[in-house]
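Undergrad: The whole structure should be built from the sequences, with the hints applied where relevant.
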Amino acid sequence: MRALISLVAVLLLVAVAYGMAEANMRFLLGVVIPYAAVAVFIFGMIARVLKWGSSPVPFRIPTTCGQQKSLPWIKQSKLESPSGTMGVLGRMALEVFFFRSLFRNLKMQRYEGNQLAYGEAKWLWLAGLAFHWTFLVILLRHLRFFTLAVPVPVQMLEGLDSFLQIGAPILYITDVIFLAAVTGLFIRRVMLPQVRYISLMADYFPLFLILGIGVTGVMMRYLTKTDILSVKILTMSLVRFSPDASVLGQIGVLFYIHLFLISVLFLYFPFSKLVHMAGVFMSPTRNLAANNRWKRHINPWNYPVHVHTYEEYENDFRAKMKEAGLPVEKE
Amino acid sequence: MAKLPKPEELAKVDYTPPKTSWMDTPVVIKEGMFCHGAKTKSLQTLGFPNARDWRPMDADWKLPENWKEILLNGIADRLKKYRSFQLFMDICVRCGACADKCHFFIGTGDPKNMPVLRAELIRSVYRKEFTLAGKIFGKMAGARELTLDVLKEWWYYFFQCTECRRCSVFCPYGIDQAEITIIGRELLNELGLNIDWIAGPASACYMKGNHLGLEPHTIVGNLEYMLDDIETITGKRIKPTFNRKGAEILFVTPSGDLFADPGTYTAMGYLMLFEELGLDYTWSTYASEGGNFGFFTTNELAKRLNSKIYNEAKRLGVKWILGGECGHMWRVLSQYMDTWNGPADFLEVPKSPITGTVFDHAKSMKMIHVAEFTADLIKNNKLKLDPKRNDHLTVTWHDSCNTARGMGLLEEPRYVLKSVVNNFHEMPEDTIREKTFCCGSGSGLNASEDMDLRMKGGFPRANAVKFVHEHHGVNMLANVCAIDRASLKPLMDYWVPGVGVCGLHELVANALVMTGEKERTTDLRGEPLPSAQAKEEKA
Chain A
0 MRALISLVAV LLLVAVAYGM AEANMRFLLG VVIPYAAVAV FIFGMIARVL KWGSSPVPFR
60 IPTTCGQQKS LPWIKQSKLE SPSGTMGVLG RMALEVFFFR SLFRNLKMQR YEGNQLAYGE
120 AKWLWLAGLA FHWTFLVILL RHLRFFTLAV PVPVQMLEGL DSFLQIGAPI LYITDVIFLA
180 AVTGLFIRRV MLPQVRYISL MADYFPLFLI LGIGVTGVMM RYLTKTDILS VKILTMSLVR
240 FSPDASVLGQ IGVLFYIHLF LISVLFLYFP FSKLVHMAGV FMSPTRNLAA NNRWKRHINP
300 WNYPVHVHTY EEYENDFRAK MKEAGLPVEK E
Chain B
0 MAKLPKPEEL AKVDYTPPKT SWMDTPVVIK EGMFCHGAKT KSLQTLGFPN ARDWRPMDAD
60 WKLPENWKEI LLNGIADRLK KYRSFQLFMD ICVRCGACAD KCHFFIGTGD PKNMPVLRAE
120 LIRSVYRKEF TLAGKIFGKM AGARELTLDV LKEWWYYFFQ CTECRRCSVF CPYGIDQAEI
180 TIIGRELLNE LGLNIDWIAG PASACYMKGN HLGLEPHTIV GNLEYMLDDI ETITGKRIKP
240 TFNRKGAEIL FVTPSGDLFA DPGTYTAMGY LMLFEELGLD YTWSTYASEG GNFGFFTTNE
300 LAKRLNSKIY NEAKRLGVKW ILGGECGHMW RVLSQYMDTW NGPADFLEVP KSPITGTVFD
360 HAKSMKMIHV AEFTADLIKN NKLKLDPKRN DHLTVTWHDS CNTARGMGLL EEPRYVLKSV
420 VNNFHEMPED TIREKTFCCG SGSGLNASED MDLRMKGGFP RANAVKFVHE HHGVNMLANV
480 CAIDRASLKP LMDYWVPGVG VCGLHELVAN ALVMTGEKER TTDLRGEPLP SAQAKEEKA
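Going down the list, the sequences are from chains A and B. Heads up: the first sequence begins at 0 in numbering that gives the first Met the number 0, then just goes up one per residue. Heads up: the second sequence begins at 0 in numbering that gives the first Met the number 0, then just goes up one per residue.
What the hints contain is simulated information worked out from the structure, not anything from laboratory work. By construction, the Cβ of each residue, glycine as well, lies at the ideal position given by its N, Cα and C atoms. Treat the hints with care, as some may be off.
What the hints assert, rightly or not - Stretches of chain B that chain A covers, calculated by requiring three or more beta carbons in the stretch to come under 8 Å of a beta carbon on chain A:
| id | segment |
| --- | --- |
| 1 | 7-16 |
| 2 | 29-36 |
| 3 | 114-121 |
| 4 | 215-225 |
| 5 | 253-266 |
| 6 | 521-528 |
TA: So, in structure tokens, the structure goes:
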């Protein structure tokens, strides 16, 4: 149900974009909304990160996933239980670029006689990694629309991405993987009873939205003809902050749907779970060194507390202590 | 108290989620799954709010009029104080990787025991009250009103989490349910909604120095019993000191080891080892608790209880502190103590008087774990060991949650263990080290009225033990945690009869050849040694 409502919501967004494009509200779709969306995204994310940053980290609480640094002859696990900056950077790099923790994923299984076993479960990791990486590559490929001369790294990326040399226009492998991964993540969400049970609309909506962006993008490249030249004139004029409205009429409706969905994604981003993109860098269980024992961590709001002193304790038990032969401070 | 069902019954777990969505499925508080409410006296001793006697099964929890306001202010306060809390409220994507990592979910099948959903219990209220999307879109954005039912749900499920951090190992963002439970319990505490198995020991610890409420003369007396046993076994009379000023080392261990077996055997182990080394150390009756049940109530109480360790070290003028075998004790010591009550600049960097090893990695907190201390001794050949004395045992190693995931103490105890026993087998790799399973009774849930919960939560641990019991004949489950020693025993008796539970230093002391000892015929438990048995059979 929650999935269905989310799907309908995205389809509605498509309809809105279609309607607006047809109703000659292209300046709104092609210029005003994208500008607004990017602004909301940038300021929203900055505000979000500042908000996180404004809460202190009172305690150093890394989750140690390997051997601590202790005696010199015991091999420390420098990435899983990092004790210095390099180790933390390594751990974070593994986490951010390769989803290290998700790679550990296991699937609990129960067998006859109540035997538990833990099987490999790499699908979530694989789909997640494929989704995020291809999304990034596709985003980088789009730089060709925002730079006058296509930068060499972007050209190389495109070359690499199309090395299969299938079809005309040549097929980008990332397009295929991206759509497959998003679809896979959706299927997983509805198929696994536990995951379906915890899923909110906030989980389905971004999936459909991103799928919509992917599908419209792919349609523009492989199925319909898009006036790339005009698109680039528009995007370059947006980059220069002097929108060129003259080309708006020459670009097909599909492009406006694509752009509108992207705008919605940007608008939605800072207010949703998608902020994990920035949050992952700030997680205290991952980005702190496990060096508490030799480097004191300061809690900015540490305050004096009422304690039960030794003196009070001895006052309570002096007679018993003396009888038991224990030394006392006061006779 | 409800009768504990048979293992076959308890093992029947249905993982199918309910038909109704979790927000529309009200909590049902079940006998055997929760602990008694905190008593008036315990809360009063600690100066905690809303001290009164109350029962979780009663409809009326005797809450203050403005309970909702107290909670919401409490959440706002913690969002500002803890980046972890603020971040963990915002970034979960509900991928579900944590779901089947929780021992309580595996053991109960209750979806609200999936760490993600346990967190959503509080996150949903956070969305409603603290986010724009939640305020506007309400339920569609996963937000819900804080009601009495929601409050009861919090209480029920935050006391069905042992703060073991296993979920945080698997979370792609390191979201730590322990952190959320810790804060959740702190919020509940503001309404006086603690459990007595935590508040009782915490108040005892505050007034008397230890969770069990052992008064100074009782501590001495309990140790005397152990010394008698040691004399019977080894022929040696040991004379430890208490509250002695000028000792080089202060020794602090969980009080559970002074009270009941098998913990007492571990304490005997310490006594024998330190005697053999001629260690200049002292026990303290004031700082007679290594563990910290305050940690399961509020950050502030944890700090108040913890303060005794440094204060006592200062009063006695020792050089450094040696800590015994305990789990959450070491999470608290290694990740909180120095921040709360440091800097301990009146102490010196721990240095083994026997080997001269300087424990640089503890140069700020000035305290080392006895497994580190002993590993160093063995590495430097300072102990005469006869592992054959443990040949009647086939041992496996249980990594305690907190020493594993809150410290990284993995190899030191294994090195010691392998030096003192000949028969050692690891449990399956997905159930040990950073992926170790909780005993099911941690974080103050090791009461007797919640046995259903404990046996269910301990099921994955027990299951892995069963595997090595059946495949390798393992009959002893060794560990470095006092709660483990107390709680794994009933867990083994229930799920894997025939497997005993012991601390590391019990095995060390079994193998330790002491100067001038008589020929030993039994181990610390009074069980005949294999060698003695063989001799008897020959004769």
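Undergrad: Are the hints correct? Go through all of them and say.
TA: Here is what the structure says about each hint:
{"no.": "1", "hint": "7-16", "in the structure": "holds (count 5)"}
{"no.": "2", "hint": "29-36", "in the structure": "violated (count 0)"}
{"no.": "3", "hint": "114-121", "in the structure": "holds (count 3)"}
{"no.": "4", "hint": "215-225", "in the structure": "holds (count 4)"}
{"no.": "5", "hint": "253-266", "in the structure": "violated (count 0)"}
{"no.": "6", "hint": "521-528", "in the structure": "violated (count 0)"}
Going down the numbered hints, you'll see the structure goes against 2, 5 and 6, while the others check out.
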